[in-house]
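The lines below spell out each chain.
2 protein chains.
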Amino acid sequence: MATYSDIQDWLRTGIREGRWRAGDRLPSEAELCLQFSVSRMTVNRALRELQHAGLVRREQGRGSFVAPLERVAARLELRDLHQDAAERGHHHEAEVLGLRAEPASADCAHALGLRRGQRVFFCQLLHREQGVPLQLESRWVVPSAAPAFLEQDFGRQTPTAYLLQVAPLTAAQYQIEAVAASPEEASCLGLEAGEPCLLVQRLSHGAAGPVSWARLLHRRYVLQGSFTA
Amino acid sequence: MATYSDIQDWLRTGIREGRWRAGDRLPSEAELCLQFSVSRMTVNRALRELQHAGLVRREQGRGSFVAPLERVAARLELRDLHQDAAERGHHHEAEVLGLRAEPASADCAHALGLRRGQRVFFCQLLHREQGVPLQLESRWVVPSAAPAFLEQDFGRQTPTAYLLQVAPLTAAQYQIEAVAASPEEASCLGLEAGEPCLLVQRLSHGAAGPVSWARLLHRRYVLQGSFTA
DNA sequence: CAGTGGTCTAGACCACTAC
DNA sequence: TAGTGGTCTAGACCACTGA
Chain A
5 MATYSDIQDW LRTGIREGRW RAGDRLPSEA ELCLQFSVSR MTVNRALREL
55 QHAGLVRREQ GRGSFVAPLE RVAARLELRD LHQDAAERGH HHEAEVLGLR
105 AEPASADCAH ALGLRRGQRV FFCQLLHREQ GVPLQLESRW VVPSAAPAFL
155 EQDFGRQTPT AYLLQVAPLT AAQYQIEAVA ASPEEASCLG LEAGEPCLLV
205 QRLSHGAAGP VSWARLLHRR YVLQGSFTA
Chain U
5 MATYSDIQDW LRTGIREGRW RAGDRLPSEA ELCLQFSVSR MTVNRALREL
55 QHAGLVRREQ GRGSFVAPLE RVAARLELRD LHQDAAERGH HHEAEVLGLR
105 AEPASADCAH ALGLRRGQRV FFCQLLHREQ GVPLQLESRW VVPSAAPAFL
155 EQDFGRQTPT AYLLQVAPLT AAQYQIEAVA ASPEEASCLG LEAGEPCLLV
205 QRLSHGAAGP VSWARLLHRR YVLQGSFTA
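Listed in order, the protein sequences are those of chains A and U. Count the first sequence with my numbering and you get residues 5 to 233, in order. Count the second sequence with my numbering and you get residues 5 to 233, in order.
Since the hints were made in silico from the structure, they are not lab data. You may find that some hints are simply not true.
[To be verified] Short, incomplete list of chain A residues facing chain U, as computed with Cβ under 7 Å:
no., residue
1, 26
2, 182
3, 183
4, 202
5, 211
[Said to hold, decoys possible] The following residues of chain U were derived to be distant from chain A, with all beta-carbon distances above 10 Å:
no., residue
6, 134
7, 154
8, 213
[What the hints assert, rightly or not] Only part of the chain U face toward chain A is listed, based on derived beta-carbon distances under 8 Å:
no., residue
9, 21
10, 22
11, 56
12, 123
13, 179
14, 181
15, 201
16, 229
Just so you know, even glycine gets a beta-carbon here, dropped at the ideal spot from N, CA and C.
I would like the entire structure built from these sequences, with the hints used as guidance.
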């Protein structure tokens with residue numbers, strides 16, 4: 005008995021092996037029904053999911069086609085450092101360099117949807133993995149989203165984890181670039197001033213609006229990923 | 005008449021507005037069938053797709069739950085620069101700095117599955133968008149995967165686009181990091197030596213094995229993305 | 001055991017495309 | 001008009017969970 009994933013396997017293999025090339029028409033749903041002796045719903049699901057995966061393009065009235073693989077895509081995940089380290093079997097620790105309320109700068113206010121000078125919570129942490137400095141985290145938090153933020157011990161639980169608890173994430177934006185470390189940043193991370201660092205900036209939104217803006221500066225960090233047809 | 009996307013909208017809204025929080029149990033398929041007066045297949049599809057989107061976790065025999073949004077994920081796409089610029093309505097041009105066959109270095113041979121010293125094709129291009137240097141592309145290609153590579157005019161069609169044509173992509177791996185520009189690289193990109201650059205390295209595989217290894221060095225480039233529940 | 005999700009069927013009606 | 005995909009139905013059997 006054939007299942008939808010048998011049909012997917014057969015199509016994936018054919019595409020991988022060049023039986024159909026980019027732009028070619030695939031067998032119609034009706035043809036696949038006959039070939040695999042399954043109902044149309046089953047074939048439809050197989051094709052629909054291949055479409056979501058980006059492997060197939062479907063057009064009503066015309067047919068299903070092999071999608072041009074013009075974009076290499078992969079899931080990029082920005083995760084809680086502590087979990088990340090734990091999954092690698094590494095030890096993670098965070099040193100709290102600062103934790104206070106301060107007036108919002110123009111940039112910060114803009115990102116968080118506040119007025120300039122309004123009170124925001126700020127924290128700065130140095131994360132180490134296996135004792136090696138890995139990330140300098142500077143974070144600004146909307147007080148109403150996490151009123152008890154300043155009373156937390158971020159040596160025990162990362163701000164990321166805490167905020168996910170008290171203000172579940174509904175959306176986020178990120179931005180990745182290469183920057184030169186300032187003298188202060190360099191000394192925290194154990195680098196020379198001016199050394200290139202990967203900077204990730206992330207704005208998190210909860211149900212009630214912006215929650216937190218984070219500036220994550222990494223020492224010799226490499227983002228990796230892969231993509232498979 | 006309710007459709008699967010009506011059900012998805014209702015669930016998404018409830019999750020966004022905090023009606024169900026991370027880990028909470030959602031209504032069962034049977035309950036949703038009654039509530040929306042639809043068949044179970046329709047409800048099932050709605051929930052299955054929310055699961056693929058990462059918003060819902062389903063467990064056989066237990067129920068459907070709001071997924072913990074512990075990872076901020078987004079599709080990272082590494083695309084053809086020319087198309088990318090075109091979609092922004094910008095002009096793109098590429099200057100060919102080098103195009104030749106050469107013996108594979110150890111790194112290159114390793115990445116491409118060749119022996120050291122074996123003949124590989126090499127090209128180096130400077131990409132400009134709106135006249136501004138944007139990316140320095142250095143690329144090594146397995147000759148058997150694209151025998152006519154050296155005869156192409158990469159001022160007209162990018163190597164990425166050409167290779168997608170002659171050796172459709174089946175898989176790729178990428179790696180993103182921050183590096184300092186070497187004096188040569190800096191002069192190409194119009195930077196000072198040592199300035200931080202975003203380096204993307206990408207290994208592409210076709211049906212017959214590794215096709216190409218690219219080293220893409222960017223000037224003041226920012227990768228951006230977003231994630232929405 | 002009852003309730004849950006995982007999957008499949010054999011029909012159906014519709015909108016769209018191409019001829 | 002014939003063929004395509006988009007969607008839905010009202011059942012069905014199964015594997016798994018928890019009481």
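A quick look at each hint next to the structure:
no., hint, in the structure
1, 26, "6 Å, holds"
2, 182, "4 Å, holds"
3, 183, "6 Å, holds"
4, 202, "4 Å, holds"
5, 211, "5 Å, holds"
6, 134, "19 Å, holds"
7, 154, "23 Å, holds"
8, 213, "12 Å, holds"
9, 21, "6 Å, holds"
10, 22, "5 Å, holds"
11, 56, "7 Å, holds"
12, 123, "25 Å, violated"
13, 179, "5 Å, holds"
14, 181, "5 Å, holds"
15, 201, "5 Å, holds"
16, 229, "6 Å, holds"
The structure shown violates just one earlier hint, number 12.
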